[in-house]
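Here the protein sequences line up with chains X and E, keeping their order.
Quick note: the first sequence uses full-length UniProt numbering, first residue 1, plus one each step.
Quick note: the second sequence uses full-length UniProt numbering, first residue 1, plus one each step.
Bear in mind the hints are in silico, worked out from the structure with no lab data behind them.
For clarity, every value in this text was computed on a predicted model and none was experimentally measured.
Note that beta-carbon positions come from the ideal geometry of N, C-alpha and C, so glycine has one too.
With a straight-line cut-off of 30 Å between C-alpha atoms, the simulated DSSO-like cross-links for lysine-lysine are: (1) Lys300(X) x Lys171(E); (2) Lys66(E) x Lys48(E); (3) Lys300(X) x Lys170(E); (4) Lys242(E) x Lys257(E); (5) Lys234(E) x Lys145(E); (6) Lys300(X) x Lys184(E); (7) Lys106(E) x Lys53(E); (8) Lys257(E) x Lys145(E); (9) Lys288(E) x Lys48(E).
Short, incomplete list of chain X residues facing chain E, as computed with Cβ under 7 Å: (10) Ser27; (11) Gln36; (12) Ser43; (13) Asp46; (14) Gly144; (15) Arg145; (16) Asp239; (17) Leu288; (18) Gly290.
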Amino acid sequence: MTALLPRRGLAQIFALIVILMVDRAVSPQFFDLRLQDGRLFGSMIDVLNRGTPVALLSLGMVLVIATRGIDLSVGAVMAISGAIAASLADSHGLPVVLAAALGAGLVCGLWNGFLVSILGMQPIVATLILMVAGRGIAQLITEGRIVTFTSPDLVWLGNGAILGVPVPVAIALGMLILTGAVVRGSALGLLIEATGGNARASDLAGVGTRAMILAVYVWCGVCAALAGVIAAADIMGADANNAGLWLELDAILAVVIGGTSLFGGRFSLLLAVLGALIIQTMNTGILLSGYPPEFNLLVKAVVVLAVLLLQSPKLTGMAGIVARIRGTKA
Amino acid sequence: MTLKALFAATATAALLLALPANAGQLTIGFSQIGSESGWRAAETSVSKQEASKRQVNLKIADAQQKQENQIKAIRSFIAQNVDAIFLAPVVSTGWDAVLKEAKEAKIPVVLLDRDIDPSGKELYLTAVTSDSVHEGAVAGEWLAKTVGEKACNVVELQGTVGASVATNRKKGFDSVVAKHPNLKVVRSQTGDFTRAKGKEVMESFIKAEGGGKSICAVYAHNDDMMVGAIQAMKEAGLKPGKDVLTVSIDAVPDIFKAMAAGEANATVELTPNMAGPALDVIAAFKDKGTVPPKWIQTESKLYTASDDPQKIYDSKKGLGY
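Work the whole structure out from these sequences, hints included.
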């Protein structure tokens, strides 16, 4: 019985393996890898590379959700930071470009955190403001056009490679390790979970819940800004109308697929990133399959439903009962 | 953008109140959708150029993608008794009442770029639009002519699923492919009209088609997706423009940059100059009472590397694309 209960992460790993097998079935060369201009080349690399923005977003989002919050503005923040990076890329060095873009993300995060933590606004409403206005700000920066750049430093961030591994993937991995080290290497993760579990009780117990909430929104903003810079570097241009569009929903989905409850109180960074990978493995599989694009969203919905059903305690409990009945019969 | 649009709207409103029309000079009100895309911005700037070329006083009202703003603008144009109204409708229905008001005031209305619901046909003078089925066909004809009798596997980057432009550009291209058995569309997937998705989808096409060796040509429903696809091909070690032919639609400046670098082959123009023909129609209508046909189709011009792409890039890049 205990073996049938979902252990944390088991359902996600199982789902990822199944989707990978399906991808392998629709595209026999799915796992093929080769070196192309010093960079690994293959569908698996595409999955990791294309999954990077959502993985980065989910790293920030999972902490916000752990405090019982939500951040709808991450897509818009991507657009803002991408627009800033592209506008500065050809006139300034990479450190300045990164500082400006990530600084913008930080300010956006501070704004969200201020509304939620200091003013006590509902997170979904507070971040909706920036979700709508942020894209407008980005369009203001780009003047509504796609701003292109040629700066090799910034292009490298999107298309370069470190020992064959695409730079975006290396950055995402670095951010995962950094975030993990900070929140799990200290009591910070526990305090964030306490804030989400019961903010009032935690406050009375001496947890600085306001500071916690402010901090997670700031981190979420910085992660989104980094994702925005990578997205702009990838296409060598900032497209304020489309950069990060609807990605907030993918990020929330990744967190939920990763088993983090929207009611806060517990979280897993690794599983959120795994959730992002599951989404991208599915997306890449759909593109490789050659089905007409009209089916894309339908396939996605069915797969997401299946993955979430796998995690449903009620359903797995039922499966356990069925197995037990069968066992007694046999 | 919102701020800028707000300024633009206020400025236009101020202009509308302040500027009396010069005697003899035509005054035309243009209700523009708003800055939804680079092409739209270019249309606005070309309209201004065309109007000043003909010494027409063109008043542009930016509707910020809202029909109620367009209706307000049209009513204010009627109140000022302009000589004609240009309308780029944001949606196709709901225009009957306000267009009837214009008709009663005897102000001719010309639709630009988009058509409205057929029930209102008698309510406007003419519509100046491009034929997106024809655009797809022009792209297809170029490819058919360029490859000749050789067998050619084409991959297609579609626009947003369900968008009429995407459906039509596919239809036009498919009609040419059907006539040439050597052309075959082997893969077709949506790239949502964006660079990022165009690149991602092209990456998967390349993997699915054995590293891209079996791909002879790429057809994209817009240039932005093609710019993304060109990057994907370069990263995979292919030579777009040489190993793989490219043809796309819109003629935005960046595709000319790629063409000048030898990385793109052809593009079909969706001209931002819809106001030019409309201004000519209005001038003829006012002078001699010439009633134009109900639909004026703009030219879908094909540009290739032999058209001095660098020069076209320089001339287009200032238009706000």
